[in-house]
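A.B. asks: Let's have the full structure, built from the sequences with the hints guiding it.
Protein chains in written order, with my numbering: chain Z, 1 to 395; chain G, 1 to 104.
No lab work stands behind these hints, which were simulated from the structure alone. Note that beta-carbon positions come from the ideal geometry of N, C-alpha and C, so glycine has one too. Hints are supplied without guarantee of correctness; some may be wrong.
[Stated by the list, open to error] Footprint (simulated), chain G over chain Z, 3 or more residues, beta carbon under 8 Å:
1) 144–155
2) 163–174
3) 358–364
Here are the chains, one letter per residue:
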Amino acid sequence: MTLEDIYRQEWGQVVATLIRVTGDWELAEECAQEAFAAALQRWPVDGVPDRPGAWLTTTARNRAVDWLRREAVGAAKLRQVAALEHDQDPPYDVPDDRLRLMFTCCHPALAMEARVALTLRTLAGLSTAEIARAFLVPETTMSKRLTRAKQKIQHAHIPYRVPPAHLLPQRTPAVLAVLYLLFNEGYSDVVRSNLSGEAIRLARLLVQLMPSEPEAGGLLALMLLHDARRDTRLADDGALITLDEQDRSRWDHGQIKEGVDLLDSALDRGAPGPYQIQAAIAACHATARTAGDTDWPQVAALYARLPQTPVVTLNRAVAIGMADGPAVGLRLVQELAEGPLAGYHLLPATRADFLRRLERWPDAKTAYEEALELATTDAERLYLQKRLREVSVRS
Amino acid sequence: MICGDPSGTEYATDGCGGWSEEMEARGVVAGGAGLHPPHEATTVRLRDDELLLTDGPFAETKEQIGGFVLIDCADLDEAIEIASKHPAAGYGTIEIRPVLEPPV
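C.D. replies: Below is the structure:
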């Protein structure tokens, strides 16, 4: 294992433990940083210790004691130092520490962008500069965002704990939402794909720490099933390749199997939630041998079980259209035109697709043109231009 | 109510130059505190039994402060629980602001 691997594996644990024993987020991060710097000097000479995590935690804890002893002026601080010194061998792998950290970073009293940034910094160990690059903001802005979030945690006394059972139903979704947002940020943009990798890593950790929470398993399954298709979504020219035209032999079938197995064991718990249902939809697609084999009635039935947001309604209309024929799909999509989806590029794009399947070429052409005006990424524009050329030739 | 722009934080630890002592001696002070800045606020609303939390102060300027309560509790989760049980959380908005700790 390289030091880089150890860093990625142990950083969150070291920081999480140090926050618990010192109660100071900035100090915890600084001491963790120093412990890794010390490892970088010592390990190449002395060799990697048997339990690198314990070594790093003890080293970081000793730095914290030194610092606190230097800074301690009041009696309260001195008592804190004394307590730390007596706690000679802190348990470094209290599994709850990282879960505590995860719940605290994702506390709903923090702004969403602060939760995401804090999670990436303290748990995943990304540098402030890396996070700033990932969210396209200047490093100083990101640094300020992190500092403010940590100050709020400290001043408002956001408790460093896994919430008690009666709060979990409302607080677990907040953690899942942060991880899913992180995943989607990375999934929607090739350049930032490392964010999806981090999201999957953190979701794996959450599944390990909350084995009885089926939505955590559902979320990880959902991410794995989407991610298995990552490399087949774009053509060589950068144009989007839609699900029905992706090269299924290039999907990561090992990862698909892992996702499906995870989903099955989550569903066995008999408490299906939105992430398990979305994962079930992704599994319908991922396990269909060809696009034509897709179980569209099942996909439509699953969409019906999700909260009916405008986008879910649109996807459900697509699934019904694929099951019952493009004329039915077209009618359903047209019914949505007046609603909150007006101006959303996937609405005319979907209408265009059904019109194309109905061979109504001139109408399809108009709809593709409309979608092209509203499209937001180059990949979509390239795809829509390709379709537009196809239908234009025929109209 | 004591108001000011963000530059006021520079004076947060200045104390009140004898004002507190004088007013307490006069017996006119019933309670009060300095507050951490608005970006450290948490806003609580209860709508249809759903607890809605927001980072930061209530945004709409037409909202008016109708009163305040000083509470002493363990942490933000307890403060949120207390705030969500106040009837005003159901129709209005409650902003939780941490109190400045007195300098040691």
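A.B. asks: The structure should be examined with respect to each hint, and the outcome stated for every one.
C.D. replies: Cross-check of the supplied hints:
no.	hint	verdict
1	144–155	holds (count 4)
2	163–174	holds (count 3)
3	358–364	violated (count 0)
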